[in-house]
Structures are given as structure tokens and as C-alpha cells.
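Chain residues, written in single-letter form:
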Amino acid sequence: DTEVTQTPKHLVMGMTNKKSLKCEQHMGHRAMYWYKQKAKKPPELMFVYSYEKLSINESVPSRFSPECPNSSLLNLHLHALQPEDSALYLCASRHPGQGNNEQFFGPGTRLTVL
Amino acid sequence: QQQVKQSPQSLIVQKGGISIINCAYENTAFDYFPWYQQFPGKGPALLIAIRPDVSEKKEGRFTISFNKSAKQFSLHIMDSQPGDSATYFCAAYTGRRALTFGSGTRLQVQP
Numbered sequence: 001d002t003e004v005t006q007t008p009k010h011l012v013m014g015m016t017n018k019k020s021l022k023c024e025q026h027m028g029h030r031a032m033y034w035y036k037q038k039a040k041k042p043p044e045l046m047f048v049y050s051y052e053k054l055s056i057n058e059s060v061p062s063r064f065s066p067e068c069p070n071s072s073l074l075n076l077h078l079h080a081l082q083p084e085d086s087a088l089y090l091c092a093s094r095h096p097g098q099g100n101n102e103q104f105f106g107p108g109t110r111l112t113v114l
Numbered sequence: 115q116q117q118v119k120q121s122p123q124s125l126i127v128q129k130g131g132i133s134i135i136n137c138a139y140e141n142t143a144f145d146y147f148p149w150y151q152q153f154p155g156k157g158p159a160l161l162i163a164i165r166p167d168v169s170e171k172k173e174g175r176f177t178i179s180f181n182k183s184a185k186q187f188s189l190h191i192m193d194s195q196p197g198d199s200a201t202y203f204c205a206a207y208t209g210r211r212a213l214t215f216g217s218g219t220r221l222q223v224q225p
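If you read the sequences in order, they're chains A and B.
Residue numbers 1 to 114, in the numbering used here, belong to the letters of the first sequence in order.
Residue numbers 115 to 225, in the numbering used here, belong to the letters of the second sequence in order.
Extracted from the complex, chain B is given alone in its bound form (with noise of 0.2 Å):
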């Protein structure tokens, strides 16, 4: 069952636009929600993260929305630079701090 659903599968945007990366949950035990970027041939790296008592949260040129009722989250990348071009991984903490992965999206950003 996959618990942690992630949308588009794929995306182009093109140098300078927002990227938006879409997320929603199912199990409210939920406790901390991380994004992972991974380039090809490494390991995923921490983008950043947020708890659901938190809103938004901002590093950068990178916010995570957080929308508890909804059960939904979103990575939203503004400015975005080729260099961005990743495969981008949503995240959630089950009770055994274990993490389950989202199915990913491959960002391509357009010079």
C-alpha cells in the first residue's frame, strides 16, 4: 500500500519559473515530512523538512506548504536553475522512524 502519493511524475520548467512538487498522506501517525533530492549515480540528499504543526517553511529558494486537514504537502522551488535538474523525493516518518519515500519526480529545468 503505497502511503505517501507524489505528483507529477515528471516536469519541465524552464529557467527562472517555479517548480511545484505535490504530495498527500494517509496515515495521520505522520510525524515529520522530509524532501530528498537525488542526482544520478547518488544517494538522496536532505532538501529540507518540516513537522505538521508548522504551515510553511522556508531555505532558500526552496518552501515546503504543509496542509494538516488536507493531509497535502508541496515543495515549491522558485527561481529554478538547471542545476536543479534532480529527481526529487517526497518523504514521511512512520512510528518505527522509518522513512517511506513518495514515487518521485524528475525535475528537468530548461536553460
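So here's chain A without its partners, still in its complex pose (with noise of 0.2 Å):
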């Protein structure tokens, strides 16, 4: 299974919503990746997690909290966010170790704050 899975694909929101974004992978990577894409732009990093510790958070405002719960799954949880954090959200894993670089990115979660 070279697969890492996201939940949901499309989500809509108001600005005074909690909401939670899921990522799967069953492939025993034990680095997973947050990213953030705007329309027409490149992927952003905003949190890093190795070995289910928070190891890189690129400034990112605190209504985007990020959760490890095991090695196969990764949480974003989202509050009181903002109509220009409408993004696509992607998910992606590693497996850490030297010369091993190839992440794998899930399909993204479309992401609208009304």
C-alpha cells in the first residue's frame, strides 16, 4: 500500500467552526508533512512530524493545530479560521533515513472558510 488517504476531500466552513482534517498512511513512514497550496502556487510547508513528535511548525497561526496521534495517522484541526485560509490542505509521508527522500503526497483536502 503506497497510499496516504485524506479525509474529507472537499470541506466548507464558517469562520466560527471547528473542524478537523484527517491523514492516513499505512506504509510505516514515521515523518508526515502538512502542506499548505493556493490556487496556481506551490505547496507551502506548515508543520513537520517526526516519529510522532512535532519537529518543524513554520509560523503558523495558531488556529491550524496540528495532532500526531500514532504513526499512521496525522490531524489538523482548524478554528476560527479565515476566509483566505481557503487552500488546499495536502498530507504527506516519509520515511525518514539517509538517502530515503521521496514523499508521498495524499490527493488534499479542498478547504473553504465562508
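There may be inaccurate statements among the hints.
Claimed, not checked - In silico DSSO-like cross-links for lysine-lysine, where the CA-CA straight-line distance does not exceed 27 Å:
(1) B:119 with A:41
(2) A:38 with B:119
(3) A:40 with A:53
(4) B:156 with A:19
(5) B:185 with A:40
(6) A:22 with B:156
(7) A:9 with B:185
(8) A:18 with B:156
(9) A:38 with B:156
(10) B:119 with A:40
(11) B:129 with B:185
(12) B:129 with A:40
(13) A:19 with A:41
(14) A:19 with A:40
(15) A:41 with B:185
(16) A:41 with B:129
(17) A:9 with B:156
(18) B:156 with A:41
Hint data in this document are derived by calculation from the structure and do not stem from the laboratory.
Keep in mind the model is a prediction, meaning the values are calculated, not measured.
Both chains come to you apart, so use the hints to assemble them.
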């Protein structure tokens, strides 16, 4: 299984809502990533988890809260978002190890904030 | 600060032609340079990648050329097909093992 799955595929939420994005992989990868991608732009790194510990936080606003409950799952909790947060949110995973650099991306969650 | 510069922004190629996308980087600590292909509504997928100790890598119709002294690398798509129409991103790994992407090239292959 070389697949990263993300749910939901689409999400529409108001600025006062609380929602969560989910990501799952069963490749035994121990590094997992959240990226944000605006239309016609490249993905931008948000968070990196390595062995279930947060290793990189790219100064993301606190209204985005990541969680890695186990080695296969990665969540992104959303609260009090702004319309400019509307984007495609991508999850990726990688097996840490020297010389092993390939990141596998999921299909993304298309988020719209009203 | 944009660490990987990519050009052109868009590219139109006739079927059977050669598509060429160029990237340049600044950080000499980068040690792995992948190219990703992204179709609308999908996540990026790894296409081909190269390390700086190799000058060229070929996989099927896709070739990466790497010039370490010039800090430039390029993707060549031979015999371009309409199914190759997508957005292509060059990228580089930082020491933190996280990808830095170029700005992307929208390729359209006309039948």
C-alpha cells in the first residue's frame, strides 16, 4: 500500500466553526507533513512530525493545530479560520533514513472558509 | 526568500515535441532535487529526482540535467503527449528534510 489518504475531500466551514482534517498512511513512514497550497501556487510547508513528535512549525497561526496520535495518523484541527485560509491542504509522508527522500502526497482536502 | 526559481511559468508544446523546464537554486546545502507532477484536484506525485553528484538522469521520456557549478537543473520531456499536460514543480530538500518548491510550470501539450 503506497497510498496516503485524506478526509474529507472537500470541506466548507464558517469562521466560527471547528473542524478537523485527517490523513492516514500505512507505509510505515515515520515522518508526516502538512502543506498548504493556494491556487496556482506551490505547496507551502506548515508542519512536520518525525516519529510522532512535532519537529517543524513554520510559524503557522494558532488557529491551525496539528496532532499526530500515532505513526499512521495525522490530524489538522481548524478553529476560527479566515477566508484567506481557503486552500488545498496536502498531507505527505516519508520514511526517515539516509538517502530516502521521497515524499508521498495525499490527494488533499479542498477547504473553503466562508 | 524564494530559494528555488522556476521558469517558464507556462509552456505550450505540440504533441511529439520536447518540453523543457528550468530551475535554479541558491542554497548549496541542498542535496536532493525532485520533480513533481500535479494534475488538477490531485496531490503532487514524484516524477523523477537527482542528486548533485550526478549530471543527468533519465527515466523513460523524462530526463533531468543537473549543472552543479551553475546551480541549475532542468526537466526535459521527450515526445510530449497530451496526457503530460499538468503543472510541474521542481523542488529541493533543505537540511531539515522538508521540500522547498519552485513556483511551478503549467504545461499544455496540444494534440
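Outcome of the hint check:
1. For a cut-off of 27 Å, the pair hint linking residue 119 of chain B to residue 41 of chain A stands: about 13 Å separates their Cα positions.
2. With a CA separation close to 18 Å, the supplied pair residue 38 of chain A and residue 119 of chain B stays within the 27 Å bound.
3. A C-alpha spacing of about 31 Å is found between residue 40 of chain A and residue 53 of chain A, which places the hinted pair above 27 Å, so the restraint is violated.
4. Taking the CA atoms of residue 156 of chain B and residue 19 of chain A, the gap is about 22 Å. The hint holds against a cut of 27 Å.
5. Restraint check for residue 185 of chain B and residue 40 of chain A: the C-alpha separation of about 25 Å stays at or below 27 Å, so the hint holds.
6. Of the supplied pair hints, the one linking residue 22 of chain A and residue 156 of chain B holds, its CA atoms being roughly 16 Å apart against a limit of 27 Å.
7. For the hint pairing residue 9 of chain A with residue 185 of chain B, the CA-to-CA distance comes to about 38 Å; that exceeds 27 Å, so the pair is violated.
8. Under the criterion of a C-alpha separation no larger than 27 Å, the hint pairing residue 18 of chain A with residue 156 of chain B is consistent with the structure, at around 25 Å.
9. This hinted pair checks out: residue 38 of chain A and residue 156 of chain B have alpha carbons roughly 13 Å apart, not beyond 27 Å.
10. Restraint check for residue 119 of chain B and residue 40 of chain A: satisfied, since their Cα atoms lie roughly 15 Å apart, inside the 27 Å limit.
11. Taken as a hint, the residue 129 of chain B and residue 185 of chain B pair is broken in the structure, with Cα atoms around 30 Å apart against an allowance of 27 Å.
12. Note on residue 129 of chain B and residue 40 of chain A: the hinted pairing holds, with a Cα-Cα distance of about 24 Å set against a maximum of 27 Å.
13. With a CA separation close to 24 Å, the supplied pair residue 19 of chain A and residue 41 of chain A stays within the 27 Å bound.
14. For the given pair, residue 19 of chain A sits about 25 Å from residue 40 of chain A by alpha-carbon distance, which is consistent with the 27 Å threshold.
15. Proximity of residue 41 of chain A to residue 185 of chain B is assessed by CA-CA distance (about 23 Å); at most 27 Å being required, the pair is judged to hold.
16. Restraint check for residue 41 of chain A and residue 129 of chain B: the C-alpha separation of about 26 Å stays at or below 27 Å, so the hint holds.
17. Restraint check: the Cα-Cα separation between residue 9 of chain A and residue 156 of chain B comes to about 10 Å, which is no more than 27 Å; the hinted pair holds.
18. Between residue 156 of chain B and residue 41 of chain A the CA atoms are separated by roughly 14 Å; this keeps the pair inside 27 Å, and the hint holds.
The structure is inconsistent with the numbered hints 3, 7, 11, although it conforms to all the rest.
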